[in-house]
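**Q** Sequence:
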Amino acid sequence: MWSTYSDNLRGALFMVFAMAAFALEDMALKAAARDIPIGQAVAMFGVAGWVVFAAMARAQGERIFHPSLTSPVLVWRSLSEIAGRLFYALAIALTPLSSASAILQATPLVVALGAVVVFGERVGWRRWMAIFTGFIGVLMILRPGLDSFDPLSIFAVLGMLGFAGRDLATRASPVSMSSAQLGVAGFAVLTVAGLVLVGFGGVVIPTPASLGYVAMATVIGVLAYGALTRAMRTGEVSVVTPFRYSRLLFALILGVVVFGERPDGMTLLGSAVIVASGVFLLQKKRHAIRG
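For the sequence shown, counting from 1, position 228 maps to 228 in the UniProt record's numbering; every step adds exactly one.
The set of hints was computed from the structure by calculation and includes no laboratory data.
Mixed in with the good hints, there may be bad ones.
Between beta-carbon pairs, the in silico distance windows are [stated by the list, open to error]:
(1) Ser68 with Ile136: 38 to 44 Å
(2) Ile136 with Phe65: 40 to 46 Å
(3) Gly124 with Val203: 50 to 56 Å
(4) Trp128 with Ser68: 40 to 46 Å
(5) Ala272 with Pro151: 22 to 28 Å
(6) Met266 with Ile64: 27 to 33 Å
(7) Arg126 with Ile64: 41 to 47 Å
(8) Gly202 with Arg10: 43 to 49 Å
(9) Arg34 with Arg262: 14 to 20 Å
(10) Thr207 with Ser68: 23 to 29 Å
(11) Val51 with Glu261: 29 to 35 Å
(12) Ile205 with Pro144: 19 to 25 Å
Treat the numbers as computed from the prediction; the structure is a model and nothing was measured.
Note that beta-carbon positions come from the ideal geometry of N, C-alpha and C, so glycine has one too.
Let the sequences and hints guide you as you build the complete structure.
**A** Okay, structure coming up:
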């Protein structure tokens, strides 16, 4: 039982690190999109990340493309990844970083439900209540039906559903498939998503600043991707995934400091509720094991 708690703790730490890195990646891509079309930025980012993960796979003596890539699970993962990246890229380009990240925090709800349906994980009522409380915190930030709700946020909702599907498929992916090979697959479909957006936004000559932001996103994104893969493969999905909520805190800070966003009191209160629910989940698991 202690081993289970230890796995959950390590998975949670990997998830928090991944979320901090993803928030920085979002910031860099949003900054790059000020000078070049978002599709071009995503495509450049995808190609660069693919090259890095392909080199990592070769350095480890692995095949760049794992034979299981054509399996139903990984085809579903690729389609989910394309949807998640495509729509979330539009969200961070067209809406405030803080609000797009807030909508993304509904991902654990979908993943937790999927873990019960697909993997047969057992989730006690206290953990369900904590997850539900986190969802209430998200609603406090979004305020659907009110004037403050942005219709463009539908892009973030669609992106969230795509990422949830990706995470569940990652959990079910073959154990023999390394993080580098998963990264190759992920950044390959990211490139596809960028090229789809390029068809609508076109291509321009990148500025030195935009190239720098894309390079920054690549380095950080590679680290984030590896940490997320480790997180989803360590511990219980229903315990680890709520720590995605930490991404909201990082996004709020970056939104304020870098883009001059000013979240109101309800947004900050909702953020506190979300983070508290995630921490509560791990605490309940620890007390249950010790008891």
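**Q** Determine for every hint whether it applies to the structure shown.
**A** Now the hints, each set against the structure:
1. Between Ser68 and Ile136 the CB atoms are about 39 Å apart, so this pair conforms to the stated range of 38 to 44 Å.
2. The given range of 40 to 46 Å is respected by Ile136 and Phe65, whose C-beta atoms sit roughly 43 Å from each other.
3. In this structure the supplied range 50 to 56 Å holds for Gly124 paired with Val203, their Cβ-Cβ distance being about 51 Å.
4. Take Trp128 and Ser68: their Cβ atoms lie about 33 Å apart, and the range 40 to 46 Å is violated.
5. Range check, Ala272 to Pro151: Cβ separation about 27 Å, and the 22 to 28 Å hint holds.
6. Checked against the hint of 27 to 33 Å, the pair Met266 and Ile64 fails, with Cβ atoms roughly 47 Å apart.
7. Range check, Arg126 to Ile64: Cβ separation about 44 Å, and the 41 to 47 Å hint holds.
8. A beta carbon spacing of about 44 Å between Gly202 and Arg10 agrees with the range 43 to 49 Å that was offered as a hint.
9. Distance hint for Arg34 and Arg262: a CB-CB separation of about 19 Å, consistent with the stated range 14 to 20 Å.
10. The hinted range of 23 to 29 Å is not satisfied by Thr207 and Ser68, whose Cβ atoms lie roughly 40 Å apart.
11. Under the hint 29 to 35 Å, the C-beta atoms of Val51 and Glu261, about 33 Å apart, fit the expected range.
12. Checked against the hint of 19 to 25 Å, the C-beta distance between Ile205 and Pro144 comes to roughly 40 Å, which is inconsistent with it.
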